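J.: Heads up: the sequence lines are chains A and B, in that order.
Read in the numbering used here, the first sequence has 195 at position 195, and its numbers run on one by one without any break.
Remember, the numbering used here sits 477 above the position in the second sequence when you count from 1.
If you're looking for bench data, these hints aren't it; they were derived computationally from the structure.
All of these numbers come straight from a predicted model, not from anything done at the bench.
Among these hints, one or two may not hold up.
If we take Cβ atoms under 8 angstroms as the criterion, some of the chain B residues that face chain A in the derived model are [what the hints assert, rightly or not]:
1. A729
2. D746
3. L758
4. P761
5. G905
Pairs of lysine to aspartate or glutamate residues, derived as EDC-like cross-links and limited to a Cα-Cα distance of at most 20 angstroms, are as follows [stated by the list, open to error]:
6. A/K448 x B/E877
7. A/K37 x A/D107
8. B/K509 x B/E565
9. B/K925 x A/E181
10. A/K330 x A/E309
11. B/K747 x B/E658
C-beta atoms are modelled at their ideal positions from N, C-alpha and C, and glycine is treated no differently.
Now for the letters of each chain:
Protein chains: 2
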Amino acid sequence: MQNLLSELRSLVGETHVLSEENLSAWEQDWRKRARGKALAVVLPGNTAEVAAVVQACARHRAQHPDQHLSIVPQGGNTSLVVGATPDESGRQIVLSLQRLNQVRALDAANQTLTAEAGCVLQAVQEHALNAGYLFPLSLAAEGSCTLGGNLGSNAGGTQVLRFGNTRELCLGLEVVTAQGEVWNGLSGLRKDNTGYDLRHLFIGSEGTLGIITAATMKLYPLPAAQLTAWAVVPSMQAAVTLLGLAHRHLGAGLTGFEVMGQFALRLVDKHFKQLRVPLWLDGPFCVLLENSDHESEAHARLQFEGLLEAALTDGCVTDAVVAENLSQAKALWQVRESISLAQSQEGLNIKHDISLPISNIPAFVQSTDAALAQAIPGVRLVNFGHLGDGNLHYNVQAPEGVDAAAFLREHEPKVNSLVFDAVTYFGGSISAEHGIGSLKLHQLVHYKSPVALTMMRSIKRALDPHNLMNPGRVLSV
Amino acid sequence: MQNLLSELRSLVGETHVLSEENLSAWEQDWRKRARGKALAVVLPGNTAEVAAVVQACARHRAQHPDQHLSIVPQGGNTSLVVGATPDESGRQIVLSLQRLNQVRALDAANQTLTAEAGCVLQAVQEHALNAGYLFPLSLAAEGSCTLGGNLGSNAGGTQVLRFGNTRELCLGLEVVTAQGEVWNGLSGLRKDNTGYDLRHLFIGSEGTLGIITAATMKLYPLPAAQLTAWAVVPSMQAAVTLLGLAHRHLGAGLTGFEVMGQFALRLVDKHFKQLRVPLWLDGPFCVLLENSDHESEAHARLQFEGLLEAALTDGCVTDAVVAENLSQAKALWQVRESISLAQSQEGLNIKHDISLPISNIPAFVQSTDAALAQAIPGVRLVNFGHLGDGNLHYNVQAPEGVDAAAFLREHEPKVNSLVFDAVTYFGGSISAEHGIGSLKLHQLVHYKSPVALTMMRSIKRALDPHNLMNPGRVLSV
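All chains, full assembly: derive it from the sequences and hints.
T.: Below, the structure is given as C-alpha cells:
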C-alpha cells in the first residue's frame with residue numbers, strides 16, 4: 001500500500017495525500033452514526049488528477065486483488081445515510097472533491113451554469129444570484145454540502161414542488177469512470193436523444209458507478225416577489241385538498257408547501273422560546289405555503305388572498321396569516337427549519353425519510369399513527385415534511401419521560417419495519433431524498449423489487465466490474 | 478420457426494399472431510425510408526402476455542442461436558428514424574403494443590395518470606382533459622403515436638420549454654425485461670432515492686433494453702387562458718434576446734417559443750394559399766410565443782403587452798400581433814405546423830433534428846448557412862424549430878429548379894457531415910428529439926464520445942446479453 005500512496009503523492013502533490021494526520025473530518029459521518037478508518041484521504045486538484053488517481057487505484061486493485069482496495073468519493077460529508085465515509089477496513093481511499101471548487105461558466109442566454117463537484121451549494125446559489133438568476137436547489141446543509149454530493153445523492157429540499165430534485169436541474173455531467181476515463185457529458189442541451197441517458201444513471205448512484213467531477217445546471221429568472229403564508233388545517237386530508245387548490249390558484253407560482261404536525265410545532269415552541277410559532281394550538285397540522293411571483297408583490301398577495309378565501313370557504317383551512325414583509329416570511333421558514341433541531345433537543349428519535357402518492361398520505365398517516373400508538377403506548381410522532389412532493393419526515397420519538405437511547409435500542413428495528421411495511425402497502429418509498437448509503441442497505445434488499453435489484457446489480461457489474469467504487473453502498477454486490 | 482409461432486399463438490390467441498397476411502402497416506416506416514420483412518406480428522393483450530411472448534422468444538433464441546431471432550417493439554409506428562420496423566431478415570418478431578390501450582387510473586389528488594403503452598397520445602390528453610387536467614405532451618403525430626413509443630424515444634414536441642421532454646413527465650414505468658420478467662416500477666412518487674434510476678435508463682432506449690408496457694405520468698392543472706403572439710425579429714440573435722425577455726416577463730407562463738425562418742414561411746405561403754402567414758416579408762425570422770395563464774385571459778394579455786412593449790423598445794422585435802381569440806391563435810399555430818408539409822410539397826429535403834446551447838444558435842446558423850451556401854450555390858434552408866429548447870429543424874432544400882431526388886443522392890452525406898460537424902463544434906446534439914433508430918446509427922458512432930459509447934454497450938450487454946431486443950438500433954453491438 002505504501003507504493004500506492006507514493007504514486008498518489010506524485011500525482012496530486014505531497015500535501016494533498018493525507019494519511020498520518022487526524023482524518024476524523026473525513027472518517028466520521030455527519031449524523032455520527034458510524035466512524036471509519038481511511039487508508040488515506042486524497043484531494044486531487046482537477047479532473048485529470050481525479051482520473052489519474054482512479055487509474056492508479058484500479059491498477060493496484062488488479063495487481064493485488066487480495067488487498068481489496070477501494071475508493072469512497074466524498075463532497076461536503078453531509079450524507080444522512082453513511083454514504084460518503086470509509087468503512088473500518090483501512091483499505092479505502094477517501095477521494096475528496098473539495099479542491100474542485102470552480103464555477104467554470106455561467107451562460108446567461110442559455111440559462112445554465114457549469115460548476116465543479118466540490119463547489120459548496122451556497123456558493124453556487126450566490127454565483128447565480130450575482131448574475132441575476134435563481135439556482136433553486138435549497139436544503140438545510142447548503143452551507144457545507146457540495147454540488148457533486150447533491151448530484152450523487154439526487155438531493156431534494158424545499159423547492160422540489162416547482163423545480164424538481166437535483167436530477168431535474170441537471171443538463172449534463174463530467175464523470176471519471178471506474179476505469180479512470182473521463183466522460184465529458186457536460187452539455188447545456190435541453191434536448192439530446194443520442195442513446196442511453198448516462199447522466200441520470202450517475203445521478204443518485206451515490207458514487208458507486210464513477211465520480212461526478214462537474215455538472216451543467218439549469219438557472220431560472222429571479223422571481224419579482226416571494227410571499228409566505230401559514231395556514232391551520234383541520235386534518236391531513238384537508239392539507240391535501242389545500243394543495244390541490246394551491247396548484248389551481250397559484251400555478252407554477254407555488255414553490256413551497258410544507259406540512260407540520262402539532263407535536264413537531266410544540267417542540268419548536270418548547271425548545272426555541274425566542275421563536276413565535278403561529279396558530280399551532282388551533283389544529284392538528286399547519287401548512288407553510290410559498291408563492292413566487294414573476295410580476296410583483298402586490299400581485300402575489302392578491303393571488304394568495306384569492307387562494308385563502310377559497311380555502312376558508314371550502315373548510316380545508318380554518319385560519320391563516322400571510323407574512324407582511326420579508327422578515328416575517330423568514331421567521332415562518334425559521335419555525336419550519338427549526339423542527340429538526342427541536343427534536344434533537346428533545347432527545348434522539350427514529351427518523352424516516354419516506355414518500356407516498358399524495359393521495360395516500362392521509363390514510364397512511366391515520367393507520368400508521370394508530371399502529372404505532374398501539375405498539376408503543378405514549379409514543380410521540382414528529383411528523384413534518386414536503387407535502388407538495390409527497391415527502392414526509394415521519395419521525396418517532398420516545399414517550400414522555402422515557403430515555404431516548406434506551407427507546408432506540410429497544411424499538412428501532414420494530415418501528416422501522418412497521419413504518420416501512422406501511423409505506424410499501426401504500427405504494428411509497430423508504431428513501432425519498434436521502435438515499436441508501438450503508439444505513440438502508442439491508443432495508444433496500446427487503447423492500448425493493450427483486451427484478452429491479454437484479455438489473456441494478458447487472459449495471460454495477462457492467463460499469464464497475466472490480467467493485468472499486470464505494471463498495472457496500474446502495475448494493476451489497 | 479413454425480414451432481415458435483405455434484407457441485406464440487397459444488400464448489396470445491390465434492388471431493393475434495399475424496404472419497400470412499399483408500403486414501405492410503407494421504413493416505413500412507412512417508417516412509418510407511425503409512421496408513422490412515417480419516417473421517410475424519404479435520399483438521399481446523396485456524403485460525403478462527408480453528412477458529410470456531418475450532420468454533418464448535428468449536428460449537427460442539437460446540435453443541437456436543443460429544436463427545438470430547429478435548424482437549422489435551412497436552407502438553404507433555411513427556418513428557422518424559426507422560426505429561420500430563423490422564429489418565429485411567425475416568427473423569424479427571414485431572411485438573405490437575396496440576392492444577395494451579387502457580388508462581388504468583387517474584389520481585386527481587396526486588396529479589398523475591397511469592396508462593398502458595399502446596394508448597394513443599391524443600387519447601391520453603383527452604382522458605386528462607375530461608378530468609379537468611392537462612397532460613402537456615403534444616406533437617404532430619399525437620393522433621397515432623403511442624405513449625410507449627413516446628417514452629421509448631423520449632419524444633419532445635411543442636411544450637418542452639415549460640414541461641420538459643417525455644422523460645420529465647414520467648414518474649414510473651412497468652417494463653418487461655429482455656428475460657421476460659415484469660418490473661413493476663409504476664409509481665406516483667415525485668421523490669424516490671432507492672438505487673439507480675432504471676426509469677430514465679429505459680426511457681429513450683428505443684426498445685433495445687426491454688419493453689415499456691405502462692407508465693405513470695404527471696398531470697397539471699388546466700390553464701385559465703392561453704394566448705398566442707407572433708413577432709418579427711431582425712435576426713436570430715434578436716430571437717434569443719426576446720426569449721430571455723419572455724422568460725423574465727412571463728415566468729412559467731411561457732409555454733411555447735417557436736422560431737421560423739423566412740424561407741420556411743415563404744413555402745407555407747406558396748403551398749397553402751388558404752392560410753394567412755402574418756408579417757413574414759418583414760424580417761428574416763418570425764417567432765410564435767404562447768403564454769399560458771392560471772389567472773385569466775385579461776391577465777395573460779396584459780403580460781404579453783408588457784413583454785412586447787419591452788421587446789419593441791429593446792429593438793429585438795420590430796413588429797408583432799397578439800391573437801384576438803382562440804381561432805386566431807389556432808391559425809397562427811397552423812402556420813407553424815404546416816411548415817413540414819409545405820417543404821414536402823416543395824420536394825424532398827435533407828432533414829436535421831439538432832439541438833444547441835441557445836447562446837450558440839446565432840453563431841451556428843450564421844456560419845452553417847454560409848458554409849452550405851458556399852458548398853452548394855443556391856441551396857435553400859428551411860430553418861425552424863423550438864428555439865426555447867435550443868432545438869432546430871435545420872433542413873436543407875435543393876436550389877430552385879433542381880430535382881430533389883438527384884439533389885439528395887448527390888449531396889446528402891456531404892450536407893450531413895457539414896451540418897453535424899458544425900453542431901459538434903458548437904456543443905450540440907445530432908438528434909434532439911427523434912432518437913437514433915437505425916437511420917443515425919453510424920453517425921452516432923462517429924459523433925458520440927467513445928467513453929459514452931463504451932458505457933452504453935456495457936449496459937446493453939448487461940441487460941440484454943443475447944441481443945434479443947431491437948438489435949441494430951441505437952447501438953451496433
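J.: Against each hint, give a clear statement of whether it holds in the structure.
T.: Against the structure, the hints:
Hint status for B/A729 relative to chain A: holds, with the closest Cβ pair at about 3 angstroms, below 8 angstroms. Interface restraint check: B/D746 against chain A, minimum CB-CB distance 28 angstroms, threshold 8 angstroms, status violated. Interface restraint check: B/L758 against chain A, minimum CB-CB distance 28 angstroms, threshold 8 angstroms, status violated. The interface hint given for B/P761 is violated, since its Cβ lies 19 angstroms from the closest Cβ of chain A, which is over the 8 angstroms cut-off.
For B/G905, the shortest C-beta to C-beta distance to chain A is roughly 7 angstroms, which falls under 8 angstroms, so the interface hint holds. Proposed proximity of A/K448 and B/E877 is contradicted: the alpha carbons are some 61 angstroms apart, above 20 angstroms. The hinted pair formed by A/K37 and A/D107 fails the criterion: a straight-line CA distance of about 42 angstroms is larger than 20 angstroms. In summary, the hint linking B/K509 to B/E565 is supported, as the alpha carbons are separated by about 14 angstroms, within the 20 angstroms threshold.
For the given pair, B/K925 sits about 15 angstroms from A/E181 by alpha-carbon distance, which is consistent with the 20 angstroms threshold. The hinted pair formed by A/K330 and A/E309 fails the criterion: a straight-line CA distance of about 23 angstroms is larger than 20 angstroms. Restraint check for B/K747 and B/E658: the C-alpha separation of about 54 angstroms exceeds 20 angstroms, so the hint is violated.
The structure fails to meet hints 2, 3, 4, 6, 7, 10, 11 from the earlier list, while all remaining hints are met.
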